[in-house]
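Trainee: So the mapping is simple: the numbering used here equals the position in the sequence shown, first residue as 1, plus 98.
Hint data in this document are derived by calculation from the structure and do not stem from the laboratory.
Every residue gets a Cβ at the ideal spot worked out from N, C-alpha and C, and that includes glycine.
It cannot be assumed that every hint is accurate.
Have a look at the derived ranges for each label pair, beta carbon to beta carbon [said to hold, decoys possible]: (1) Arg453 - Glu210: 33 to 43 Å; (2) Glu288 - Leu396: 39 to 49 Å; (3) Arg276 - Gln119: 49 to 59 Å; (4) Leu396 - Pro230: 30 to 40 Å.
Under the rule of at most 20 Å between Cα atoms (straight-line distance), these lysine to any residue pairs were calculated in the SDA-like manner [what the hints assert, rightly or not]: (5) Lys221 - Arg140; (6) Lys444 - Glu126; (7) Lys365 - Ala375; (8) Lys450 - Pro136; (9) Lys450 - Gln128; (10) Lys221 - Arg211.
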Amino acid sequence: MDFQLPEELRLLQAAVRRFVQEEVYPLERQYLLADQIPPDVRHAVERQARSLGLWALGAPRELGGGGISALGLCLVQEERYKALLGRSELDPFGGDPSPALLTCAANAYQCERFLLPVIRGEKHECLCQTEPNAGSDPSSLETTAEREGENYVLNGTKIFIGRYYSDIFLTLATVDRRRGRRGITAFFIERDTPGFNIVRLIPMMDGATPAHIVLENCRVPATHRLGAEGEGFTVGQSDLARARIMWGPKCVGRSDRCLEMGIRYAKQRVTFGRPIADRQAIQWMLADSAVEIHASRLMSYHAAWKVDQGLDVRQEASMVKLYSSEMQQRVVDRVVQIHGAYGLSKDLPLEKTYRVVRHDRIGEGTSEIHRFVIARNLLRD
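Between the sequences and the hints, there should be enough to build the whole structure, so can you do that?
Mentor: Right, here's the structure in full:
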C-alpha cells in the first residue's frame, strides 16, 4: 500500500491551504516589501483563523486547543509558508504554546496567567535566550538571577529576540555561573515589568527586526520561575528540539511555492523559438529541486512521527534543520536563475525570498553547529 497521510490530516491540510490562498496570498502584493505587517492587519487574519477553528491547533484539547499531532503541525506549517511574506509577524495559525510553556500546565497559577491567554489568542509569547556572547552554547549565559526574598532580580542583555511584540518572554538566566548549564533557570517576564527594556530593534537583511533587550534590576516574582532552579537548560532544549523539526516544513513550503513559480515561468518564457522548459539545463534545475524538496518533506514527516511516538528526536531535529535550510537556499537560487533579471527584481517575491532564506542557515543553530551536533552524536553512539 502506498504511503498516505491520515484522512483527518489531509482534510486539515486542505482547509489550511484554502485559508492561506484566500486570506494570506492577497497580502503579498501589499506587504511583501514592507518590513513589518501592521498590527491591525495581523489581528484581522488571526481573528479569521480563530473563527474557522484554525487556531492553537497544536495545543492540548483539554486546554482549548486543537490537539493535533506533530505530523499535523508539519502539514500546517508547510501550507502556511507557501505565502512568501518573509519573516514578518504574521502567524495566521498562532496560539500554539511552545513545549516549554506547556510544562507549566501542572502549575495552576502559571497555567492561568501565561498559558491559557496564549492559547486563546489574547497574548503572544517567545523564548528569550540568545545573548551577545551566548547563542548555541547556553552554558555561556551571562544574564544573572539573584534570589531576594520572594523575588529574583535579573540583570543582563538579550539580543536577536524575535517576536518582540510578545507579551510574555520566557527568559533564561543563571543563578550560579559556576554551575554552567546546571545553573540555568527559566522565568516568565511580562512585557511591562520594570527593568525589562526593549532598547532597540535590529534591522536585518530579510526585513525582520529582532529586539535588543536589557534587563536592569528586573524583579520577577519567584512564582514566575518555571520549574526548579537549574532546570532552565532542559526547558530551553525542549523548546528547540520541536521547533527545529518545524524548520523542515517551513523550508519545504517556501521551496515548493518557488518551484511552482519556476515551472510556470519556464513554460512561458520563450528563447530562440522554444520555451526554456525544453532546455536540459532548466529541466535539471527543476528536477534537482523537486528531489530535494521531497527528501526534506519525508525527513520532516519522520521526525514529527517520532515526536508523536514520544521518542528522542534531537538527532533528527538537527538533521532536519541542517538539510532543509540548505536545501531551501539551493532551490530559491535555482528559481531566481531561471527567472533571470526578473528574479532579481522587486516585481516578484523571489528577490525578498532570496534574502529571507539566508537567515535560516543561522537562526536556531547555524549549519556548522548542527553538523557538530550530528557528528558528536554519531561518534558518541
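Trainee: Could you tell me whether the CB distance from Glu288 to Leu396 stays inside 39 to 49 Å?
Mentor: Since the Cβ atoms of Glu288 and Leu396 sit about 41 Å apart, the hinted range of 39 to 49 Å holds.
Trainee: CB of Arg453 to CB of Glu210, is that within 33 to 43 Å?
Mentor: Roughly 41 Å apart at Cβ, these two residues keep to the hinted range, so it holds.
Trainee: Need the status of pair Lys450, Gln128: alpha-carbon distance at most 20 Å?
Mentor: holds, 13 Å
Trainee: Is it true that the C-beta distance of Arg276 to Gln119 lies inside 49 to 59 Å, as the hint says?
Mentor: holds, 55 Å
Trainee: Given the proposed pairing of Lys450 with Pro136, does the C-alpha separation stay at or below 20 Å?
Mentor: It holds: about 18 Å lies between the C-alpha atoms, which stays within 20 Å.
Trainee: Verify the proposed pairing of Lys444 with Glu126, using a straight-line Cα cut of 20 Å.
Mentor: holds, 12 Å
Trainee: Run the distance test for Lys221 versus Arg211: straight-line Cα separation, threshold 20 Å.
Mentor: holds, 10 Å
Trainee: Cβ-Cβ distance between Leu396 and Pro230: within 30 to 40 Å?
Mentor: holds, 38 Å
Trainee: Between Lys365 and Ala375, is the straight-line Cα distance small enough, at 20 Å or below?
Mentor: holds, 5 Å
Trainee: Starting from Lys221, check that the Cα of Arg140 is at most 20 Å away, please.
Mentor: With Cα atoms ~13 Å apart, Lys221 and Arg140 stay inside 20 Å; holds.
Taken one by one, the earlier hints all hold for this structure without exception.
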